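K.L.:
Okay, here's what each chain looks like letter by letter:
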Amino acid sequence: GQSLEQPSEVTAVEGAIVQINCTYQTSGFYGLSWYQQHDGGAPTFLSYNALDGLEETGRFSSFLSRSDSYGYLLLQELQMKDSASYFCAVRDGATGGFKTIFGAGTRLFVKA
Amino acid sequence: DTAVSQTPKYLVTQMGNDKSIKCEQNLGHDTMYWYKQDSKKFLKIMFSYNNKELIINETVPNRFSPKSPDKAHLNLHINSLELGDSAVYFCASSQGETSSSYEQYFGPGTRLTVT
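Taken in sequence, the protein lines are chains A and B. Its first residue numbered 102, the first sequence is counted upward by one per residue in this note's numbering. Its first residue numbered 204, the second sequence is counted upward by one per residue in this note's numbering.
If you are wondering where the hints come from, they were derived from the structure by calculation, not from laboratory data. Keep in mind that the hints are not guaranteed to be accurate.
Stated by the list, open to error - Derived DSSO-like pairs: lysine-lysine, alpha-carbon spacing no greater than 30 Å straight-line:
(1) Lys182(A) with Lys212(B)
(2) Lys244(B) with Lys270(B)
(3) Lys243(B) with Lys182(A)
(4) Lys243(B) with Lys212(A)
(5) Lys182(A) with Lys244(B)
(6) Lys212(A) with Lys244(B)
(7) Lys247(B) with Lys182(A)
Said to hold, decoys possible - Okay, the calculated beta carbon distance ranges per label pair:
(8) Thr205(B) with Gly198(A): 24 to 32 Å
(9) Asp140(A) with Asn282(B): 26 to 34 Å
(10) Gly219(B) with Gly198(A): 31 to 39 Å
(11) Glu110(A) with Gly287(B): 23 to 31 Å
(12) Gln217(B) with Gly142(A): 25 to 33 Å
(13) Gly159(A) with Asn220(B): 43 to 51 Å
(14) Val215(B) with Gly198(A): 28 to 36 Å
(15) Gly231(B) with Ser184(A): 29 to 37 Å
(16) Ser268(B) with Glu110(A): 33 to 41 Å
(17) Ala151(A) with Gly287(B): 35 to 43 Å
(18) Lys255(B) with Ala213(A): 48 to 56 Å
(19) Gly231(B) with Gly102(A): 32 to 40 Å
(20) Asn282(B) with Tyr171(A): 38 to 46 Å
(21) Ala213(A) with Leu257(B): 43 to 51 Å
To be verified - These stretches of chain B come out as covered by chain A in the derived footprint (C-beta under 8 Å, 3 or more residues):
(22) 239-250
(23) 253-260
(24) 305-315
Computed from a predicted structure; not experimentally measured. The beta carbon of each residue, even a glycine, is placed where N, CA and C say it ideally should be.
Kindly generate the complete structure, drawing on both the sequences and the hints.
P.N.:
Written out as structure tokens, the structure reads:
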């Protein structure tokens with residue numbers, strides 16, 4: 102089967118850096134995505150890592166280590182608007198079709 | 204221009220009723236999905252369709268029946284609604300069934316409340 106683990110909550114202050122970790126277990130791993138969801142809103146895509154290493158997009162970076170089945174999302178220069186839930190999601194191709202399996206989400210609270 | 208749209212946004216109904224949710228995407232994508240997000244925000248895939256064909260059916264009760272009349276539309280019909288069906292249902296789309304088509308675009312969600 103497939104499983105993902107990420108912390109349920111993280112709190113940080115404005116201007117700080119926060120890292121949200123994700124470990125996964127799946128048999129047909131293709132890549133790891135991150136999505137952001139504000140309360141009452143829809144998930145929106147942030148990043149995708151298929152290969153080991155760091156991908157940077159503005160204030161957000163995402164890292165993957167395939168050998169450790171581990172990834173993280175790094176948010177820099179935190180702003181109040183970054184308060185949201187962040188989901189890691191594995192792209193899995195083990196069942197004959199591609200499937201995206203989401204983690205339970207990490208709720209990020211940014212304080213002034 | 205809305206990329207992925209869903210109707211209705213809110214749906215309140217009684218147990219035992221039958222209801223439908225509609226989804227349309229104007230992105231030219233080949234693959235569409237239905238997800239269920241429960242009160243704990245756990246987002247779980249229900250179905251995926253590629254070019255109108257069912258690809259994934261994640262052991263969803265057969266009271267749920269998706270229909271894709273064309274690749275831009277994926278509707279969800281739910282029979283005999285139960286209290287446990289209360290959730291937010293998201294439609295999403297992606298370019299296609301390839302390893303590189305990883306980005307999914309989500310609709311605004313339909314909040315279903317069964318009383």
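K.L.:
Next, verify each hint and record whether it holds.
P.N.:
Evaluation of the provided hints:
1. Distance hint between Lys182(A) and Lys212(B) is fulfilled; the C-alpha atoms sit about 24 Å from each other, no more than 30 Å.
2. With a C-alpha separation of about 25 Å, the suggested pair Lys244(B) and Lys270(B) falls inside the 30 Å cut-off, and the hint holds.
3. Straight-line distance between C-alpha atoms of Lys243(B) and Lys182(A) comes to about 21 Å, which keeps the hinted pair within the 30 Å bound.
4. For the hint pairing Lys243(B) with Lys212(A), the CA-to-CA distance comes to about 23 Å; that is within 30 Å, so the pair holds.
5. A C-alpha spacing of about 19 Å is found between Lys182(A) and Lys244(B), which places the hinted pair at or below 30 Å, so the restraint holds.
6. Distance restraint check for Lys212(A) and Lys244(B): the Cα-Cα separation of roughly 22 Å lies within the 30 Å cut-off, and the hinted pair is therefore satisfied.
7. Between Lys247(B) and Lys182(A) the CA atoms are separated by roughly 26 Å; this keeps the pair inside 30 Å, and the hint holds.
8. For the pair Thr205(B) and Gly198(A), the supplied restraint of 24 to 32 Å holds, since their beta-carbon distance comes to about 27 Å.
9. Between Asp140(A) and Asn282(B), the C-beta spacing of about 31 Å keeps the proposed range 26 to 34 Å intact.
10. Gly219(B) and Gly198(A) have their C-beta atoms about 33 Å apart, which keeps the hinted 31 to 39 Å range intact.
11. In this structure the supplied range 23 to 31 Å holds for Glu110(A) paired with Gly287(B), their Cβ-Cβ distance being about 26 Å.
12. Evaluation of the 25 to 33 Å hint for Gln217(B) and Gly142(A) yields a pass: the beta carbon distance comes to about 28 Å.
13. Checked against the hint of 43 to 51 Å, the C-beta distance between Gly159(A) and Asn220(B) comes to roughly 46 Å, which is consistent with it.
14. Hint check: Val215(B) to Gly198(A), Cβ distance near 34 Å, so the stated range 28 to 36 Å holds.
15. Between Gly231(B) and Ser184(A) the beta carbon distance is about 34 Å. The supplied range of 29 to 37 Å therefore holds.
16. Here the CB-CB span from Ser268(B) to Glu110(A) is close to 37 Å, well matched to the stated 33 to 41 Å.
17. Checked against the hint of 35 to 43 Å, the C-beta distance between Ala151(A) and Gly287(B) comes to roughly 36 Å, which is consistent with it.
18. Separation of Lys255(B) from Ala213(A) is about 50 Å and conforms to the stated range, judged on CB atoms against 48 to 56 Å.
19. Evaluation of the 32 to 40 Å hint for Gly231(B) and Gly102(A) yields a pass: the beta carbon distance comes to about 34 Å.
20. Distance hint check for Asn282(B) and Tyr171(A): the Cβ-Cβ separation is about 42 Å, which falls inside the suggested range of 38 to 46 Å.
21. At roughly 48 Å, the beta carbons of Ala213(A) and Leu257(B) sit within the given window of 43 to 51 Å.
22. Closer than 8 Å: that is the beta-carbon criterion, and the segment 239-250 of chain B has 6 residues meeting it against chain A, so the requirement of 3 holds.
23. Counting residues of the segment 253-260 of chain B whose beta carbon lies closer than 8 Å to any beta carbon of chain A gives 3, which reaches the threshold of three, so the coverage claim holds.
24. Evaluation of the coverage hint for the segment 305-315 of chain B: fulfilled, as 8 residues show C-beta separations to chain A shorter than 8 Å, against a requirement of three.
Of the hints listed earlier, there is not a single one the structure fails to meet.
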